[in-house]
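J.: Chain by chain, the residues:
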Amino acid sequence: MIALFTDFGLHGPYTGQMKAALHHMAPGVPVIDLFADAPAGDPKASAYLLGAYAAWFRTGTVFLCVVDPGVGGERPPLIVEADGRWYVGPGNGLFELVQRRANMMRRWDITWQPGSLSASFHGRDLFAPVAAMLARGDPPAGKSRSDDSDRRPDWPDDLAEIVYIDHYGNAMTGLRAAALPAARRFEAAGRVLDRARTFGDLPVGTAFWYENSNGLVEIAVNQGRADRALGLSVGTPVAIVA
Amino acid sequence: MIALFTDFGLHGPYTGQMKAALHHMAPGVPVIDLFADAPAGDPKASAYLLGAYAAWFRTGTVFLCVVDPGVGGERPPLIVEADGRWYVGPGNGLFELVQRRANMMRRWDITWQPGSLSASFHGRDLFAPVAAMLARGDPPAGKSRSDDSDRRPDWPDDLAEIVYIDHYGNAMTGLRAAALPAARRFEAAGRVLDRARTFGDLPVGTAFWYENSNGLVEIAVNQGRADRALGLSVGTPVAIVA
Amino acid sequence: MIALFTDFGLHGPYTGQMKAALHHMAPGVPVIDLFADAPAGDPKASAYLLGAYAAWFRTGTVFLCVVDPGVGGERPPLIVEADGRWYVGPGNGLFELVQRRANMMRRWDITWQPGSLSASFHGRDLFAPVAAMLARGDPPAGKSRSDDSDRRPDWPDDLAEIVYIDHYGNAMTGLRAAALPAARRFEAAGRVLDRARTFGDLPVGTAFWYENSNGLVEIAVNQGRADRALGLSVGTPVAIVA
Numbered sequence: 000m001i002a003l004f005t006d007f008g009l010h011g012p013y014t015g016q017m018k019a020a021l022h023h024m025a026p027g028v029p030v031i032d033l034f035a036d037a038p039a040g041d042p043k044a045s046a047y048l049l050g051a052y053a054a055w056f057r058t059g060t061v062f063l064c065v066v067d068p069g070v071g072g073e074r075p076p077l078i079v080e081a082d083g084r085w086y087v088g089p090g091n092g093l094f095e096l097v098q099r100r101a102n103m104m105r106r107w108d109i110t111w112q113p114g115s116l117s118a119s120f121h122g123r124d125l126f127a128p129v130a131a132m133l134a135r136g137d138p139p140a141g142k143s144r145s146d147d148s149d150r151r152p153d154w155p156d157d158l159a160e161i162v163y164i165d166h167y168g169n170a171m172t173g174l175r176a177a178a179l180p181a182a183r184r185f186e187a188a189g190r191v192l193d194r195a196r197t198f199g200d201l202p203v204g205t206a207f208w209y210e211n212s213n214g215l216v217e218i219a220v221n222q223g224r225a226d227r228a229l230g231l232s233v234g235t236p237v238a239i240v241a
Numbered sequence: 000m001i002a003l004f005t006d007f008g009l010h011g012p013y014t015g016q017m018k019a020a021l022h023h024m025a026p027g028v029p030v031i032d033l034f035a036d037a038p039a040g041d042p043k044a045s046a047y048l049l050g051a052y053a054a055w056f057r058t059g060t061v062f063l064c065v066v067d068p069g070v071g072g073e074r075p076p077l078i079v080e081a082d083g084r085w086y087v088g089p090g091n092g093l094f095e096l097v098q099r100r101a102n103m104m105r106r107w108d109i110t111w112q113p114g115s116l117s118a119s120f121h122g123r124d125l126f127a128p129v130a131a132m133l134a135r136g137d138p139p140a141g142k143s144r145s146d147d148s149d150r151r152p153d154w155p156d157d158l159a160e161i162v163y164i165d166h167y168g169n170a171m172t173g174l175r176a177a178a179l180p181a182a183r184r185f186e187a188a189g190r191v192l193d194r195a196r197t198f199g200d201l202p203v204g205t206a207f208w209y210e211n212s213n214g215l216v217e218i219a220v221n222q223g224r225a226d227r228a229l230g231l232s233v234g235t236p237v238a239i240v241a
Numbered sequence: 000m001i002a003l004f005t006d007f008g009l010h011g012p013y014t015g016q017m018k019a020a021l022h023h024m025a026p027g028v029p030v031i032d033l034f035a036d037a038p039a040g041d042p043k044a045s046a047y048l049l050g051a052y053a054a055w056f057r058t059g060t061v062f063l064c065v066v067d068p069g070v071g072g073e074r075p076p077l078i079v080e081a082d083g084r085w086y087v088g089p090g091n092g093l094f095e096l097v098q099r100r101a102n103m104m105r106r107w108d109i110t111w112q113p114g115s116l117s118a119s120f121h122g123r124d125l126f127a128p129v130a131a132m133l134a135r136g137d138p139p140a141g142k143s144r145s146d147d148s149d150r151r152p153d154w155p156d157d158l159a160e161i162v163y164i165d166h167y168g169n170a171m172t173g174l175r176a177a178a179l180p181a182a183r184r185f186e187a188a189g190r191v192l193d194r195a196r197t198f199g200d201l202p203v204g205t206a207f208w209y210e211n212s213n214g215l216v217e218i219a220v221n222q223g224r225a226d227r228a229l230g231l232s233v234g235t236p237v238a239i240v241a
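Chains as they are written, first to last, in numbering that gives the first Met the number 0: chain A, 0 to 241; chain B, 0 to 241; chain C, 0 to 241.
Just so you know, not all the hints are guaranteed correct.
Unchecked claim - Now the stretches of chain B that chain C is said to cover, found in silico as 3 or more residues with beta-carbon under 8 angstroms:
hint, stretch
1, 31-44
2, 50-56
3, 155-168
Worth flagging that the hints you see were computed from the coordinates, not collected in a lab.
Computed from a predicted model, the values in this text were never measured in an experiment.
All residues carry an ideal CB built from backbone N, CA and C; glycine is no exception.
Let the sequences and hints guide you as you build the complete structure.
T.: Following this line, the structure appears as structure tokens:
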């Protein structure tokens, strides 16, 4: 299975052209849209989102990841294997958390070259073919990497910021709930938030936090939009209440 | 074929994770996005939409339906077979119209349990696996149901309200056109609407109603947006003019 | 492969029902969403977009194209073969540029009739089955066409207007970059735009034009939205600076 993690949006031709490239080179392999609206142009927030969601997928899954504000510039194109899952995309920090959290990790600089490479769409011309080759069982199309310029050792293990607002207005943070005491409270946008198990546990209109279905601390309002009610957006800091 | 009917939106990870679960358990079965924007948190309006659209699909289709504001609460998880089509989802009224309009109908309480069930994403953890098992030909993963707590006998056979606004601003009602005389007129938002066969039959800018491609009464404006021109949204009542 | 080019939007039931029809009649053939947000109701702008993007796909691809404000009216339903790619949809000018730019071109009037044809959804009832038949290898379901009422000889070879705004706010024109000198400058919304190779070549906030990954002149702002910064929308004229 190939899972797509991009900031392309679902509209427009970008995801479709990547899928066409994948189908041509890895016919019959299922392709899943995981995120098409990862934080736009923000590899850091995206890295925490990818770390939380990739862990749900089976080993052998190939993640084709394009959050790449520097396309056409100097960041290295990478293949990463982390705990049996594969990641293909730009070496701009996007794979920092999947690398840091892995028990077993290997990296390659992509050396494969397409016949024709556009300046602005490496997702279609470079990363999709390389992901397709991995998905059909080819060895990584690169050479083993030792340079750490793609790593971000200064980033925290968990990010106390909003990293995603979903369709319902729920706000995901970059914090893993399992690392926190159950009674922990948070402050976001001046509001102190208690923990709940799920939406129905609290009165309508109450803001709270809960462990979402992929393990992240998520802020929600029962039958309301947390983003609007609390003024949250990607990048808003969240404070742990002592 | 598995058809998805949800209020998840197409963005974000929810539809993708459900599709990954379906592919793992029913590899090779086509999965179709029917609605990802069913009326959010509104099983009643959704029930009339589902009733109209499911009828277009072939028998044997499995509808995986998640409009589930009570996820994690008490509503029963259900399998319904109605006239040879299968429905999997929450027993909150969402299947009322497909049940009521069926010549042959059976129900099961889902008894299958996943290894791990999140509090907030039964679509991925419970309903998708059960739908996949049906799609690959397994018997229903439940026990025959006699309790009627999932039924809504007080809901009308046709709903005189807007149940969906489409991409063009056309407003679908919960009324089946076949049940109405051809010359019937409606009033919506203070405007009386005559019937037309299709868009080109009337001057540009004229509001009218017509039988849409799935048999529902739909309000439209030739080369305009009916939602903005008439101030319509999901829940707006429509009156039949005597 | 079947590629979808429509103005349906991704939400709502339209794309899903077309895909269900395609799967039933051409099982196993991959279906790709190329554009679901082609210029709404605008076959002319859409024709330049289709011309640029179709050329990227392999020969044998079937394009199912529905930008059809006259559905239910008099425009002829067509099959076009142009340089080994197939196009199915309304004869309203949508295929003008793929026809004009082709070295080898043939046309058919669709004569195949569905068992049931809705007045408003020929994409599902007529065009999808005809596209599926081509994709599975059947001969064109029509008779050879000589009438030129679907052609638009008065349209230019390249269109000096914005034809698409993407998810990032970049504005595509209907002009092919290959037809222009490298040093050419444009004026749009009162601003003179120089050419750049890609986004990183200019300071943050600078507006420029570049050849996009499908050969069109595209207007962008480094780390900004060109549509908002310059006030561009579909139909905005672009002037070539002498």
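J.: Next step is simple, just say for each hint if it's right about the structure.
T.: Structure-based check of each hint:
1. Counting residues of the stretch 31-44 of chain B whose beta carbon lies closer than 8 angstroms to any beta carbon of chain C gives 6, which reaches the threshold of three, so the coverage claim holds.
2. Counting residues of the stretch 50-56 of chain B whose CB lies closer than 8 angstroms to any CB of chain C gives 3, which reaches the minimum of 3, so the coverage claim holds.
3. Given as covered by chain C, the stretch 155-168 of chain B passes the check, having 4 residues with a CB less than 8 angstroms from a CB of that chain where 3 are the minimum.
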